[in-house]
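Visitor: Sequence:
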Amino acid sequence: MKDPKDRLDDLRVDVERRNPAQPEFHQAVREVLDTLAPVFAARPEYADPAVALVERLLEPERQIVFRVPWTDDRGRVHVNRGYRVEFNSALGPFKGGLRFHPSVDIGVVKFLGFEQVFKNALTGLGIGGGKGGSDFDPHGRSDAEVMRFCQSFMTELYRHIGEHTDVPAGDIGVGGREIGYLFGQYRRITNRWEAGVLTGKGVGWGGSAIRPEATGYGSVLFAAEMLAVRGTVLDGLTAVVSGSGNVALYTIEKLQQLGANPLTASDSQGYVIDDKGIDLALLRQIKEVERGRVSEYAQRRGGSARFIPGGRVWEVPADVAFPSATQNELTEADALALVRGGVQAVSEGANMPTTPAAVRFFQQSGIAFGPGKAANAGGVAVSALEMAQNAGRVSWTAQRVEDELASIMRSIHAVAHETAARYDAPGDYVTGANIAGFERVADALLAQGVI
Numbered sequence: 008m009k010d011p012k013d014r015l016d017d018l019r020v021d022v023e024r025r026n027p028a029q030p031e032f033h034q035a036v037r038e039v040l041d042t043l044a045p046v047f048a049a050r051p052e053y054a055d056p057a058v059a060l061v062e063r064l065l066e067p068e069r070q071i072v073f074r075v076p077w078t079d080d081r082g083r084v085h086v087n088r089g090y091r092v093e094f095n096s097a098l099g100p101f102k103g104g105l106r107f108h109p110s111v112d113i114g115v116v117k118f119l120g121f122e123q124v125f126k127n128a129l130t131g132l133g134i135g136g137g138k139g140g141s142d143f144d145p146h147g148r149s150d151a152e153v154m155r156f157c158q159s160f161m162t163e164l165y166r167h168i169g170e171h172t173d174v175p176a177g178d179i180g181v182g183g184r185e186i187g188y189l190f191g192q193y194r195r196i197t198n199r200w201e202a203g204v205l206t207g208k209g210v211g212w213g214g215s216a217i218r219p220e221a222t223g224y225g226s227v228l229f230a231a232e233m234l235a236v237r238g239t240v241l242d243g244l245t246a247v248v249s250g251s252g253n254v255a256l257y258t259i260e261k262l263q264q265l266g267a268n269p270l271t272a273s274d275s276q277g278y279v280i281d282d283k284g285i286d287l288a289l290l291r292q293i294k295e296v297e298r299g300r301v302s303e304y305a306q307r308r309g310g311s312a313r314f315i316p317g318g319r320v321w322e323v324p325a326d327v328a329f330p331s332a333t334q335n336e337l338t339e340a341d342a343l344a345l346v347r348g349g350v351q352a353v354s355e356g357a358n359m360p361t362t363p364a365a366v367r368f369f370q371q372s373g374i375a376f377g378p379g380k381a382a383n384a385g386g387v388a389v390s391a392l393e394m395a396q397n398a399g400r401v402s403w404t405a406q407r408v409e410d411e412l413a414s415i416m417r418s419i420h421a422v423a424h425e426t427a428a429r430y431d432a433p434g435d436y437v438t439g440a441n442i443a444g445f446e447r448v449a450d451a452l453l454a455q456g457v458i
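Going by this note's numbering, the sequence shown opens with residue 8, and the numbers climb by one from there.
Any given hint could be a false lead.
[To be verified] Okay, the calculated beta carbon distance ranges per label pair:
#, residue 1, residue 2, range
1, 69, 343, 38 to 48 Å
2, 197, 276, 34 to 44 Å
3, 236, 199, 44 to 54 Å
4, 339, 13, 21 to 31 Å
5, 407, 343, 37 to 47 Å
Hints listed in this document are in silico derivations from the structure and should not be mistaken for laboratory results. Note that this is a predicted model, so its numbers are computed, not measured. Cβ coordinates follow ideal geometry from the N, Cα and C atoms, glycine included.
Work out the full structure, taking the sequences as your base and the hints as a guide.
Guide: Here is the structure:
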């Protein structure tokens, strides 16, 4: 049998050959394969070419691409492209969000679905990995236009999903409004009240308490666990947060609850820094109610806040950092700025927001780094808890859900930390999370035969 490193190199080359022009997917695969050499050495059955276990894991079970025609308020017809990649169901039904954003293409959806496989495995909740979305941009569209798009999107998607098959949720561009329209169309087409087919629903009609908060809360809780290992707490620390969407808002909220002081928020136009700490009520009013820009926050906050057009939050000195916007937003230059500014820990609230070079720099600098597949697993964890509530026709209290979320995030941290130590990489959460998730999925694939 080949040396594990040579075997992994062959797999990487094959993925890039078979999936051309998909750089995000290539990056996600490389990031996992780069950590698996010690696993292949310890468990040669994983690496056996005759079994092709990793080849099966790297190839989605199903890739669905479809057109989405819809009509705007002026009567003009538009055509977008819809995607659903059902990546791996060895541990349970496919589970993962829908992203509506102009950057969405098949490569982006595959990278998100691949990450989701390992993230979901780390939760221990019996869910597989998938992802979907469209290149539709909801920004600036009326509620009626968004409704018509969602209805058209679901008219195709409905035939591929179900509470025991594939359970989508929200992601960038898909919040409570979009989930409501999608669920309504699913119910209309199928004539079934199948609450478990989508998560992120409103609490009054099958949703779970704490679901909107879960990703941001979970990222902060994971950071708290990383700091605790080092004998530090969040109370009294300063934080930089990128983004101003759902994840960023609830990251800010949980940081404030734990005594930290978040200083920033951002959008595509730049970032705002508030020397007194972010006024969450004002930011939420601007972003969630008015759907405005963060520049308006500085105008209305007064002298403590200023807007930096085209700037990057990472230039602000802080103790902890939470990239919570989108993939590859934090570069090696940004990592250097953060380390110079005294950062102690970085916890990814978004999916793959840190470039590989930046991750390496953080690790070489001794910074505690929480990768997204571990640190931002809170959202899908509470989605799985929503599925459990739907199955039992029950609704849990917010406190119970938050307690469950905290327990799951502690467990994810513990398994990533312990797995890294077991494979002689103490403190390396990237290695620990990758290997722990891989082992759980690989063992299930081996047990279930060649399917």
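Visitor: Against each hint, give a clear statement of whether it holds in the structure.
Guide: Here is how each hint holds up against the structure:
1. 69 with 343: 38 to 48 Å: holds (41 Å)
2. 197 with 276: 34 to 44 Å: holds (41 Å)
3. 236 with 199: 44 to 54 Å: holds (47 Å)
4. 339 with 13: 21 to 31 Å: holds (28 Å)
5. 407 with 343: 37 to 47 Å: holds (43 Å)
Checked against the numbered hints above, the structure breaks none of them.
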